[in-house]
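J.: This is what each chain is made of:
Number of protein chains: 2
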Amino acid sequence: MKTLQVDLGERSYPIYIGEQLLTDAQCFIPHIKGKQVCIVTNETIAPLYLQPLSDLLIDAGFTLETVVLPDGEAHKNLDTLNLIFDKLLGSRFNRQATLVALGGGVVGDMTGFAAASYQRGVNFIQVPTTLLSMVDSSVGGKTGVNHALGKNMIGAFYQPQAVIADVSVLRSLPVRELAAGVAEVIKYGLICDAEFFEWLEDNIAAVMSGDARAQIYSVVRSCEDKARVVAADEREGGIRAILNLGHTFGHAIETAQGYGNWLHGEAVATGMLMAIDLSCRMGKVERTVYERAERLLKAAELPTRSPKDMSNDQFLALMAVDKKALDGGLRLVLMEALGQAYVTADFAHSLLEQTLDHARNG
Amino acid sequence: MKTLQVDLGERSYPIYIGEQLLTDAQCFIPHIKGKQVCIVTNETIAPLYLQPLSDLLIDAGFTLETVVLPDGEAHKNLDTLNLIFDKLLGSRFNRQATLVALGGGVVGDMTGFAAASYQRGVNFIQVPTTLLSMVDSSVGGKTGVNHALGKNMIGAFYQPQAVIADVSVLRSLPVRELAAGVAEVIKYGLICDAEFFEWLEDNIAAVMSGDARAQIYSVVRSCEDKARVVAADEREGGIRAILNLGHTFGHAIETAQGYGNWLHGEAVATGMLMAIDLSCRMGKVERTVYERAERLLKAAELPTRSPKDMSNDQFLALMAVDKKALDGGLRLVLMEALGQAYVTADFAHSLLEQTLDHARNG
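As given, the protein sequences belong to chains A and B, one line each in that order.
One point on numbering: in this note's numbering, the residue at position 32 of the first sequence is 32, and numbering is uninterrupted.
One point on numbering: in this note's numbering, the residue at position 60 of the second sequence is 60, and numbering is uninterrupted.
In isolation and in its complexed conformation, chain A is listed as follows (with noise of 0.2 Å):
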């Protein structure tokens, strides 16, 4: 196992990160503060995770409940949230409560707000089960829920007690989630990491197939690039824009073609790609920085391409409300070097559209 220290001052945390940390009582018990312990899960992991984790909880002696959330993004809003606040409530749970995410990033999501809410705040432990939340929620407080007119849109910046994340149940994620974690993976090692995204060139195969020390060091790495991005914009003012990287044109994509049907990582891999061409085309790097990039994404089995029936219209005016465009002129992440992404609204509108092309014919 490994541990990674999230140094926010009073509000750091550790990550834990290794096989069968779901049954190992000592990741849990030093982070409940209370007796009352509420898990939040979804129809899909509780027949998988639930009751091992119910068990070691109670046989540790912590008043337990929980919450099945129906699974899916559709269900992310205030309402499915009040179920958490019914139950709560229903049990009496007190300030000293403790709330346990064991799910992907909708409940991780869902559960942080729950938390930072129920009476102000009150504690929570991250048990992320998908490899995108091992690698994207455990790192940079955010939670919260969203509103029909947008993503993400109510929530709040909370950070967990301690982060769990158990490599041993992606062996239960599809092949195709799998994926679409190592999309954003590859992300850290684009933006900020090139020793990192050379070690995925020569270890994408291990980290497919399911081998454990290899997705350890994938969860360890991406999650200590994050934390050194953060660690400098904890309320996401500049830097940590770069985050973003792929993101604007892939929720252009995720809008266009319904969310679900392409999965975030898929999007944020071709969008990724999409930033790199642009920023080829402006001369910022070289080809082959996008060559690799592509080569190393089909080795993941992520999709390269923008969808066919997209024109560049509708992906401008997709983009154009993408939440970080709100302000008005669209900036874009891009590239100046591999390892190296920055945020510009300085890009010629003619390469933006070849790039449009180019993504959508190859």
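Since the hints were derived computationally from the structure, they do not count as laboratory data.
Accuracy of the hints is not assured; some may be wrong.
If chains are identical, the list can't say which one is meant, so a pair holds when it fits in one copy or spans any two.
What the hints assert, rightly or not - Here are the simulated lysine to any residue pairs, SDA-like style, with alpha carbons at most 25 Å apart:
1) K151 <-> S91
2) K151 <-> Q20
3) K151 <-> N94
4) K2 <-> A212
5) K142 <-> Y158
6) K35 <-> E224
7) K308 <-> R287
8) K298 <-> G339
9) K35 <-> I239
10) K151 <-> L83
11) K87 <-> A317
12) K35 <-> V343
13) K142 <-> L78
14) K35 <-> L318
15) K33 <-> R331
16) K33 <-> I239
17) K284 <-> D24
18) K308 <-> N361
19) K2 <-> V230
Since this is a predicted model, take the numbers as computed values, not measurements.
Go by the hints and put chain B onto chain A.
T.: For chain B alone, kept in the frame of chain A given last:
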């Protein structure tokens, strides 16, 4: 105009207290960083003060939206909160937006929580329009909404950019609501400021009759007192609990009588006398403290007797479900001297029963 700086490090903010501040652009403009401003108010306040404040902000060049909520504690819930998010997202408000809470405690609590949660946090300015909210909500950062199973159970600690307390608006306040605010003013004297208590004994008629200087002084001193207590305990772990003098008794009255039949401040007034009475019976304070408090509350036209139809058993049952008692043992805020309150679970049940009898029968 008096300015009181609430010192909370990078979350510090000023409270402006004076007359005709609602039309004073210099109170508002320095605290708005973006171009988008949304005033949140309610149906009762809107006809009185929305127009002049809107004019001020439009004249200053801001993009202005307004949300007029239904009035009353019954609407302080997640559904009403969503009306604010609907407006903000429908108007494409960004992270530089500023919310302005124009109203009493309910509007302030909901707007503050909306600001804490919208895009994980935007700025807000509080413009309290009741004496209660001027002295109770200006300091402390408590925001939130009710849940069907409990008051203020969902929320955040979140600080405003500024509080603008314009005592001119108190002239339109019904005398019963003015008195309810005075109950909380008197509370500060009782719990931590004997000198202020004595000032109130001399000046209560001026405060009640609408004398601006006396009202400004009351708000300034109350906010100073509260800031001192809160500064020692921003996230409410210990000493801050003395701010709840009379509240456990008071909540029992409010619950038994139905919210709105007794105003919060009225229930707190009676509850404070009960806490002092119990303190007297325990030998902590002289009976003269009780008599002086009773005289002052009566001069402020506040009730000093609990409802005739509430039995001791009903009181005790309702006190045990008070939020502060969720941990187990019932803790009460009691007095050990005029201007000195403390929190304890150490009191004889028989004396508490005597206090309950006395409060009802005199």
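J.: All the hints need checking, so say for each whether the structure fits it.
T.: Status of each hint after checking the structure:
1. K151 <-> S91: For K151 and S91, only the inter-copy Cα distance (15 Å) is at most 25 Å; the intra-copy one is 30 Å.
2. K151 <-> Q20: Neither: 33 Å inside a copy, 41 Å across copies.
3. K151 <-> N94: Classified as between: cross-chain Cα gap 13 Å, same-chain 30 Å, threshold 25 Å.
4. K2 <-> A212: within (12 Å within a copy, 64 Å between copies)
5. K142 <-> Y158: Cα proximity of K142 and Y158: in one copy and across copies (6 Å, 16 Å).
6. K35 <-> E224: So K35 and E224 fail the 25 Å test inside a copy (32 Å) and across (37 Å) alike.
7. K308 <-> R287: within (23 Å within a copy, 85 Å between copies)
8. K298 <-> G339: Classified as within; 19 Å inside a copy, 72 Å across copies.
9. K35 <-> I239: Result: close only across copies, 23 Å inter versus 40 Å intra.
10. K151 <-> L83: Both. Shortest intra-copy (20 Å) and inter-copy (17 Å) distances satisfy the 25 Å Cα cut-off.
11. K87 <-> A317: between (42 Å within a copy, 22 Å between copies)
12. K35 <-> V343: between (46 Å within a copy, 23 Å between copies)
13. K142 <-> L78: both (16 Å within a copy, 20 Å between copies)
14. K35 <-> L318: Answer is between; shortest inter-copy Cα gap is 24 Å, intra-copy 47 Å.
15. K33 <-> R331: For K33 and R331, the Cα distance is within 25 Å only across copies (20 Å; inside one copy 43 Å).
16. K33 <-> I239: between (35 Å within a copy, 20 Å between copies)
17. K284 <-> D24: neither (48 Å within a copy, 51 Å between copies)
18. K308 <-> N361: within (8 Å within a copy, 82 Å between copies)
19. K2 <-> V230: Result: close within a single copy only, 20 Å intra versus 40 Å inter.
Violated hints, listed in ascending order, are 2, 6 and 17; each of the other numbered hints is respected by the structure.
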